[in-house]
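As given, the protein sequences belong to chains V and B, one line each in that order.
The numbering of the first sequence is my numbering, which starts it at 570 and goes up by one.
The numbering of the second sequence is my numbering, which starts it at 74 and goes up by one.
Honestly, I wouldn't trust all of these hints.
From the structure, some residues in chain V lie toward chain B, with a derived Cβ separation under 7 Å [claimed, not checked]:
1) R604
2) I672
3) F676
4) Y678
5) L685
A short list of chain B residues far from chain V (calculated; beta carbon distances all over 12 Å) [stated by the list, open to error]:
6) I79
7) R170
8) P207
9) V227
10) F229
11) G503
12) V550
13) V561
14) E574
Keep in mind the hints are simulated off the structure, nothing from the lab.
Backbone N, C-alpha and C define an ideal beta-carbon position, used for all residues, glycine too.
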Amino acid sequence: MELYAPMIGLIVVAAVFAVGSVFASSMLGPKRFNRVRLDSYECGIEPTPQPVGGGRIPIKYYLTAMTFIIFDIEIIFLYPWAVRFDHLGLFGFVAMVTFLFLITVPFIYEWRRGGLEWD
Amino acid sequence: MTAPSIEYAALLPMIIVLGAGVVGVLVEAFVPRRPRHAVQVGIALLALVAALVQVVRLRDTEIIGAVGSVAIDGPALFLQGTLLVMAIISVMFFAERRIESGGNAFAPAASSLPGSEDERVLVRDRVLQTEIYPLTMFSVGGMMLFPAANDLLVMFIALEVLSLPLYLLCGMARRRRLLSQEAAMKYFLLGAFASGFFLFGAAFVYGYAGSLEFAAIDAALAARVGQEGLLLAGVGLMAVGLLFKIGAVPFHAWTPDVYQGAPSQVTAFMAACTKIAAFGAMLRLFYVAFGGIRTDWQPMLWAVAIITMVVGIVVALTQTDVKRMLAYSSIAHAGFILTALVAVDEVAIAAILFYLAAYGLTTLGAFAVVTLVRDAGGEATHLSKWAGLGKRSPLLAATFGLFLLALAGIPLTSGFVGKLTVFAAAFQGGAMPLVIVGVVTSAVAAFFYVRVIVLMFFSDPAPEGPTVAVPSAWTVVGIGAAVVATIVLGILPGPLLELAEQAAVFVR
C-alpha cells in the first residue's frame with residue numbers, strides 16, 4: 570500500500586489545485602463582463618454568424634494536428650533509442666531507419682497532396 | 074542486451090501486404106492520375122498473390138516469433154490463406170468499372186460534399202477513387218495479424234489496423250453518400266467503443282496474470298495466482314470487443330446499418346474477412362490464453378450463441394431489403410460458428426476453419442450479385458424490386474439462388490457441410506441444447522432464403538423493375554470463383570476439411 574501513497578498524494582494535490590483554482594478565480598478575479606467574455610470560446614474563430622447553409626469547416630487545423638502527430642510519434646521513439654544507442658547496436662539502427670522511413674511516408678503524401686500549402 | 078531475433082520469413086506474408094499498402098500511399102503521392110488506378114490494382118493483386126504463395130510455402134511452420142508476440146501455426150496460416158483468397162476476390166470487385174459507366178463503386182473524392190458542385194465536376198471528369206487500394210491492403214494486413222497475435226497488445230494493434238481503414242471504406246460509396254457516411258460514422262463510434270472494452274479487458278487480464286503473452290496468461294491461470302475478479306472482468310470485457318467485431322447479439326446493432334450503407338463491394342469484403350479474422354483471434358484468445366478457465370466463459374458464450382442465432386433469424390424474417398437481410402443472416406451465421414467455439418477441442422477448430430472459408434466465399438458472391446441489380450438510383454436493394462428477376466435474368470437469379478441455398482445450408486452446397494461439421498463439433502463437445510437451437514433456427518432460416526428464391530422465380534416482374542448490369546471480367550471471375558467454391562466445397566469438401574483438420578493445432 571505504501572507504494573501507492575505518493576500516487577494518492579498526487580491525486581489529492583491535483584484535485585485541490587483544480588477545485589481551488591476555480592474557486593480562487595471566482596473569488597479574486599475581476600468581474601468585467603463584455604461580449605467577448607460571454608461568447609463561447611472557439612480557438613479564435615468567430616462562432617457567429619455562421620455562413621449560409623452551415624458552410625464547410627476549414628480543414629487546416631486538422632492537417633496541422635496530423636502533421637504534429639507525425640513528428641510527435643517520431644520524437645517519442647527517437648528519444649529512448651538515442652539514449653540507449655550504443656546498446657541497441659546495428660539492429661536498433663536498422664529498425665529506427667525503417668521506422669523513420671515509414672513515418673516519412675505520410676509526410677510525403679501530405680506534401681504531394683498540397684497539405685503544406687496554407688491557402 | 075542482445076538484439077531480438079525476428080523470424081522474417083514467417084512474418085513475410087504480413088510484411089508483403091502492409092508493404093504494398095505503404096507503396097500504395099507513395100503511388101497516390103507520385104503517380105499521375107490517369108494510370109494510377111491500374112497501378113494500384115496491379116500492386117494490390119500482386120502483393121496478395123505473393124503473400125498467398127508465401128503462406129503456402131510456410132504450410133508446416135509452427136513457431137512463436139517476434140519475441141513471443143506472434144504465433145505462426147496451423148490455424149493462423151489457414152486463416153491467413155483464406156483471408157488472402159477473399160481479399161483477392163474483393164479487390165477484383167473493387168476494380169469493377171463497367172457497371173458505373175467508367176467509374177468505380179466509390180466516390181471520386183470522399184471529402185467532396187454530397188450533392189455539391191465539386192462532386193459533380195469530379196464525377197463528370199471521371200476521376201477515379203484509388204485510395205481504397207492502400208486502405209484495403211492495410212486492413213488485410215491487420216486481419217492477417219489478428220488471428221496470429223499471441224500477445225494482448227499485438228492483438229489490440231491488429232484490431233485497430235484492420236478496423237480504421239474499414240471505417241473509411243464504409244463511408245466512400247458513390248451513390249447514396251449520406252447513408253454511406255452515416256454508416257461509417259456509426260461503425261466508427263461503436264467500433265471505437267468496442268475497442269475500448271477490449272483494451273480495458275486486456276488491462277484487467279494483465280493485472281491478473283502480470284503478462285501480456287498468452288502462454289504466460291495460461292500459466293498464471295494454472296497457478297491460480299492473483300484475484301479471480303480481475304480475471305473474470307477482463308475476460309468478459311475482451312469478449313465484448315471481439316463479439317462486436319463478429320457481430321454477435323447483443324453487440325450486433327451496427328451490422329445491418331453498416332452493411333446496408335457501405336458500398337456493396339466493401340460490405341462483401343467486410344462481411345467475409347472481418348468475420349474470419351475476428352473468429353480466428355477469438356479462437357486463439359479463448360483456447361490458448363483462457364483455455365484453463367473454460368468452465369467460466371462457456372456459459373457466457375452459450376447464452377450469446379443462442380440469442381445470436383434466434384435474434385439473427387427472427388429479425389431477418391421481417392427484412393425487406395436484400396442487404397439488411399444478408400446482414401441479419403451474417404449475424405445468425407456468427408451464432409452457428411459460436412456453437413462450435415464453445416466446444417473447445419481440435420474438431421471444433423477444424424469445423425470453424427472450414428465454416429469460415431465456406432461462408433466467406435458464399436457471402437462475397439452474394440453481395441457481388443447485389444451490386445449488379447440496378448435502377449436509376451444505383452443498386453435496387455428493396456426485395457420487391459427483385460420480384461421476377463428469374464424471368465429477366467435467369468443466370469443471375471440462379472447464381473443468387475445458389476448462394477442463398479448455401480447460406481440456408483441445403484445439401485450439396487458448402488453451407489451444408491459447414492453447418493454439419495460445426496454442429497457435429499458442438500454435439501461432441503456436449504453442447505446439445507445449442508445444436509437443437511441451431512437446427513431449429515436453420516430450418517426457420519431456410520424459409521426466408523427460399524422465400525427470396527420463390528420471389529425471384531415465381532412472381533411476375535414489376536413493370537419498371539431494375540435492370541441487370543453487365544459487369545466486366547473482374548466481377549464475373551470473382552462471382553464465378555464464389556460459385557465454383559460453393560458447389561465444390563458442397564460436393565467434394567474432403568480436401569479442405571482434411572487441410573482444416575491438419576491445421577487445427579495451436580502452437581502454445
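Verify that the Cβ of G503 of chain B lies farther than 12 Å from every Cβ atom of chain V, and report whether the claim holds or is violated.
-> Consistent with the label, G503 of chain B stays out of reach of chain V, its closest Cβ about 45 Å off (over 12 Å).
Per the stated criterion, does the least C-beta distance between V561 of chain B and chain V lie above 12 Å, as a non-interface residue requires?
-> Fine: 41 Å to the nearest Cβ keeps V561 of chain B off the interface.
With a cut-off of 7 Å, does the beta carbon of F676 of chain V approach a beta carbon of chain B closely enough for the hint to hold?
-> Hint violated; F676 of chain V Cβ to chain B Cβ min 10 Å, cut 7 Å.
Any Cβ of chain V at or closer than 12 Å to V550 of chain B, or is the non-interface label fine?
-> holds (32 Å)
Over 12 Å to the closest beta carbon of chain V is the bar; see if E574 of chain B clears it.
-> holds (39 Å)
Any CB of chain B closer than 7 Å to the CB of Y678 of chain V?
-> With Cβ-Cβ at 5 Å, under 7 Å, it holds.
Is the nearest CB of chain V more than 12 Å from the CB of F229 of chain B?
-> holds (17 Å)
Find the nearest Cβ of chain V to the Cβ of V227 of chain B and say whether that gap is larger than 12 Å.
-> holds (16 Å)
Measuring from the C-beta of L685 of chain V to each C-beta in chain B, is the shortest one below 7 Å?
-> Violated, because the Cβ-Cβ distance from L685 of chain V to chain B comes to roughly 12 Å (cut-off 7 Å).
Taking 12 Å as the cut and beta carbons as the points, is R170 of chain B off the interface with chain V?
-> holds (23 Å)
Whether I79 of chain B stays farther than 12 Å from all C-beta atoms of chain V, as the label says = Violated, since 9 Å does not exceed 12 Å.
Classify the hint on I672 of chain V as holds or violated, based on whether any CB of chain B lies nearer than 7 Å to its CB.
-> violated (11 Å)
Checked against the numbered hints given earlier, the structure breaks hints 1, 2, 3, 5, 6 and 8 and satisfies all the rest.
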